[in-house]
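Let's have the full structure, built from the sequences with the hints guiding it.
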Amino acid sequence: MKARIIAAVALAAALSVVVSTASGGNNSAGKASASSVTVWLMSDAQNGWPTAVSHATSQFQAQHPGVNVNVQYQSWDSVLQKFDASIAAGDTPDVIELGNSQTAKYMAAGAFQAIKPKNYPNSSTWLGGLKQSCSYGGKTYCVPYYAGARAVIYRKDLYRSVGFKRAPKTYAQFMSVGKKLKKKYGKNPNFSALYEPGQNWYVALSYVADYGGQIAVKKGSKWQGTLNTPQAIKGLTAFKSMTLALSRASKTNDEAHPYPSIPFAKGRAAAFIGNGWEWPYVFNPKGGAAPASFAKKMGAYPMPSHIRGRYLPTFLGGSDVGIPVQSKNKSLAADWIKAYTGTASETIIAKAGNIANSTTLLGVNAKNPALAPFARAATYSWFVPSAPNWVNVESANILKTMCSKILTNHASVAKAAGNTSSQITKILNAKS
Amino acid sequence: MSSRSPVAAASVAAPFPRRRRPLGRRLRRASAPYVLLLPASAVIAAVLAYPLYYLVRLSFQHYGLFQLVRHKGEAVGTANYAQIFHDSLFWHTLLRTVAVTAVCVVLTVVLATLIALLLAELSSWVRLLLTAGLIFVWATPVVVAVSIWSWMIDFEFGVANWTLTKLGVGNFNHHDWLANPWSGWGVIISLIVWGAIPFVAITLYAGLTQVSGDLLEAAAIDGASRWRAFRDITLPLLKPIYLIVISLSIIWDFQVFNQIWLITNGAPSPDYYMMAVYSYVSAFKISEYGLGSAIAVVMVAIMALISVFYIRQMVRLGDVE
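Here the protein sequences line up with chains A and B, keeping their order.
With the working numbering applied, the first sequence closes on residue 571, and no number is skipped along the way.
With the working numbering applied, the second sequence closes on residue 331, and no number is skipped along the way.
Some clues are possibly wrong.
Straight-line C-alpha distance at most 30 Å; calculated DSS-like pairs for lysine-lysine [unchecked claim]:
1. A:Lys405 - A:Lys379
2. A:Lys405 - B:Lys176
3. B:Lys82 - A:Lys255
4. B:Lys176 - A:Lys318
5. A:Lys318 - A:Lys304
6. A:Lys469 - B:Lys82
7. B:Lys82 - A:Lys570
These are computed hints drawn from the structure, not numbers from a lab.
Small disclaimer: the values here were computed from a predicted structure and weren't measured.
Structure (structure tokens):
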């Protein structure tokens, strides 16, 4: 029967794909050799301050002629899996950047080489918050890199067109300008008064902090998720009504899909909540390529709190750089880090819109009116729980899922927060 | 072939000193098929058996980041299995996986059959056009296909929302297809079925061309309706092909990963978990490699059961002939 022959051919054709399943991907960090150092940095550096990287590399190469520096840019949503895969393969990069909410798990697992802070530039004046994210069990495992605070980046001309000559000072003003903008320009179905991607959980949790809520607290030796408390629920409810009133961004995507700077640069948003470096990124071809005329029209202000005279607490995000324990070029790696986190490179990083790693460099942006609002925003801030497992909460997208459920009315705020809270309790207490 | 018996006979009859070489030759001949199978077996052992063994071993260990750094797991017996079997998320995911697989396979096979029947009726150049279209779909890499679909259902600028709004179906401006899991699964299932139809349709069409026109003509003369002829003549003749494509579709759809992962930007909510996604999140996202392996082992076990059924059917078909 020919049908059987056809069936056999079909089977053979199919077998070539039948075994393919999910895999972590094979991301070799590159061959380790004394003549090269492999550095993993987040793409933020590539987008925001590439000159700081090249400056550090040339400084490093002046000291080590002929040593190649291989900088590979990573994205936040996949860097940890790639790093884990490189650990499994015993082929890690020599230097890696991790977010300050990600370091705890890796320090606890012994993935980083301990360092002596006094060998690094400006170590006596490192920012306290970042320094803490590099300490575990009395030792230091990484070097503070930069910190950032978020503020509202807005179009002054549009605000003025609805009668706001100055940035809003109170939450009521903030909501009122937003609603007026939406009334005036809302005919364009894609216009947002504030472009707020639904899964931007940093903003959602800023509201939780503003209403006195917390993500989790430690009771004895156990962690307890606390997003189900009345304060947290109040905050999430306020987040929901603000987002639904002002934003037309997707509720099931995060702030990297697309970058909020893109709709802003294209004129489809009057404002968005972003880091300092996202201001210049608006003009970057990848960030939306805004016309040069935008430069005069743009401003920033710290987002007001519902409590008069305060700001909405901002996530005090930041990054550290460390040396994986499996690196075969530890001393070269240390020298590159010294160059990259030294005063010269850090000054470039600060000018790009960040808070440098040392208190001695805090003055760099004091006279820059564009960046001052970000520094002011940082006066009220919040941070994630200090549990080693915290990053698993981020990686499992639990908070993004919660935001989507709340904003799409898929679950009530109380129910979504309750579920999320118990998931957080479970993850933070899991054996690591 | 024909030279075998004389050689064998000679070696038996030959005196002792002369027996050695023929025996060696005989052994060589007897072992030749096995020697020829060796490279393939080695490859299969390296790329399938060893990883599978390692997976099963991992599933009995606590293997987190701490263990990963040291390249050494910690034996915990069946604790990982106990944990997943007591986790409602696991059962929900399993149930969803079975349901989605069933829907995908039924849709794929029914639609592909209709297309195959259509192909048989078409004039040759339209058939060529349609076949080329099918081949293009089959040849599109999943990543590219998902990107295209993502754009089509895009929240702000998607052509799906635009078309539906223009057609007056309703106001689909800013309709978020993934916000509601039902419509989200509608999109994902369409995407999977769309990608799976070409192979099944072309295979079935190949089968249809082998169904003798005489049989169908005879049936028509006897007064059978076209549906009756399809049910009682075409379908039984195509049974072996159907068995193959259905079994393969089950195996493919059961382990679907890319479509879900990519369309949710790598951040699927648990409403979008299938077994493969759940296993990946457990292992690679929260560094519970032991737990992720246990989920994968359960998945492999279920697939093995399906395969046993399928192989039995194949053997039976062979016997009948």
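For each hint, the structure was consulted:
| no. | hint | result |
| --- | --- | --- |
| 1 | A:Lys405 - A:Lys379 | holds (25 Å) |
| 2 | A:Lys405 - B:Lys176 | holds (24 Å) |
| 3 | B:Lys82 - A:Lys255 | holds (28 Å) |
| 4 | B:Lys176 - A:Lys318 | holds (28 Å) |
| 5 | A:Lys318 - A:Lys304 | holds (16 Å) |
| 6 | A:Lys469 - B:Lys82 | holds (23 Å) |
| 7 | B:Lys82 - A:Lys570 | holds (16 Å) |
Violated hints are absent here; each numbered hint is respected by the structure.
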